Amino acid sequence: MTYKKGVSEVENEQKLRTLTLSDQLLVFSHSGLEQAAWNYPRLQNLGFCYLMVPAIRRLYPEKAARIQAAQRHLELFNTMPYMQSLITGVTLSLEEDHANGKGVSDNDIRALKVSMMGSLAGVADPVWWGTLRPILSAFAASLALSGFGIVGPLVFFIGWNVARLSFRWATQRWGYLQGLKVVTFLSSGVLQKLTLGASIVGMFVMGAIVPRWTRFKFAPIIASSQHASLSLQAMLDQLLPGLLPLVLTLVCVWLLRHHVKPLWLLLGVFILGLGGYWLGLLR
Amino acid sequence: MSSIWGVLIVAFLAGVEGVVDEWEFHQPIVACTLVGLATGNLVSGIALGAALQLVTLGWMNIGAAVAPDPALAAVVAAWWVSGPAHLPAAAGVILAIPLALVGQGLTRGLRKLIIPLVAQADVAAAQGNLHRITWLHWSSVALQGLRVMIPTALFMLLPAAWIQQGYYAIPEVLRGGLRVSAGLLVVVSFAIVINMMATRQLWPFFFIGFALATDGHLSLVALGMIGVGLAILYIKLQSKDTPRNGGSGPSSAAEDELDRELDDL
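Line order of the protein sequences matches chains A and B. To convert, note that position 261 of the first sequence is 260 in numbering that gives the first Met the number 0; the numbers rise steadily by one, no gaps. To convert, note that position 35 of the second sequence is 34 in numbering that gives the first Met the number 0; the numbers rise steadily by one, no gaps.
Rather than coming from a laboratory, the hints here were simulated on the basis of the structure. Being a predicted model, the structure only gives us computed values, none of them experimental. Be aware that a few hints might be false.
Said to hold, decoys possible - Not the full set, but computed from the structure, chain B residues with beta-carbon under 8 Å of chain A:
1) Q52
2) L184
3) I193
4) F205
Stated by the list, open to error - Pairs of lysine-lysine residues, derived as BS3-like cross-links and limited to a Cα-Cα distance of at most 30 Å, are as follows:
5) K14(A) / K62(A)
6) K235(B) / K180(A)
7) K101(A) / K180(A)
8) K192(A) / K239(B)
9) K180(A) / K14(A)
10) K14(A) / K101(A)
11) K260(A) / K111(B)
12) K180(A) / K192(A)
13) K180(A) / K239(B)
14) K192(A) / K235(B)
15) K216(A) / K260(A)
16) K101(A) / K62(A)
Virtual Cβ for every residue (Gly too), placed ideally from N, Cα, C.
Work the whole structure out from these sequences, hints included.
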């Protein structure tokens, strides 16, 4: 590449408005506060506009375009916050094309955001909130309860945030570089496979958690002789250890399926504990 | 004195995180540990955090729904357990439940109260004033922090002696019952998480996990490996099946329909 050509390229690029890496990093650093202004009825609208501010500043020096962009991103928005990074990436790429007059309209950007937010949230909520956080935090709690102390909280805090930050940056960057190709990729069924995989691991681990991390037992002694006594719990353990927590959990799932509110379940279980101890059944 | 400020700072962070859900300072295992650190009783903070974490496992804000708020619950309960009142962890777990409901109400309320602030952002946008939008957003971050910090400060005004007297005024049989209840409450959270993921095709994995875990020789890491292995195998076999059984599309759709109906039962 000759020096001369390099100069002309730079001149060309000055006419084209592009988001620098530091703009993208700024958007990334804003993205973690997206939900702070969560409100009815427009949900995460201010949050999304806030995180787009560095990009709007770079792409739209003219006031009219700037107003339009700010208003565009103040419209209703709601998705799973970590998936928002992927939507943000694609939006950044579209905003750049819009600013450079490459045939992307105001409405195209709106439509993209709306079309991505629902489907991505539907996939990501069960993975992050339904699988990863319960598993990681339950694992950390069990570490803390089995004598590892501070290691438990540290494992959760570091593990979660490393996963979250790398996911956010990777998806935002990928969305920005790929633009609309992301939408095609997402409709190929990869996400469904990932969700299924996460749900399998999630169900498996929840099954494993139930007998290990519930701490209550039947108290009564059903038979005793001079040499030994046989308690109800010991007999149940012969049959299947953890049977009591399993039954109780399954009853709760069944009740949830019948639209019993979790609060009532908490209250019911609370009374069960009090009553069970009072009657000498549980300990 | 410094411990009080420390707890209030944790409360502020937990309040922000309770809605933004990023660094997870509001999760009991983090919040209670930090309160324990601030009050100089790290061990009891961690113990409460771990126990309460298992209870709050299933509390998640999905879509527009607001779950009970672990932030206020974890910080105030940890103050009562690790602070001067020195309640046992089981009492902290039980007290956390009503606190979480108060926190939930406050979260809902703030989501409505914040509407005028968002309307201000519309005005700022119409003027192209990006600086003001940023500033407005930062004020909502501060409001979220105060949402937990102010109630925490009010609860901290209650003298430790009252809390202790109140707890020890409870008859012994009830206190024992509270201990059992604190251990039982985790099943509700387990059920919420399971209910969220469970479909008919996934139930076998739950029972395989249960059966393997009852054998005490298998470590958690080993169990995790088995779980991931099963998931990979299942997906691989399933995607292999799909092209071959192309003709059976309608029947599998009918099965899905059946699944859904059975789920609804």
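(request) List in ascending order the numbers of the hints, as given earlier, that are violated by the structure. (result) none
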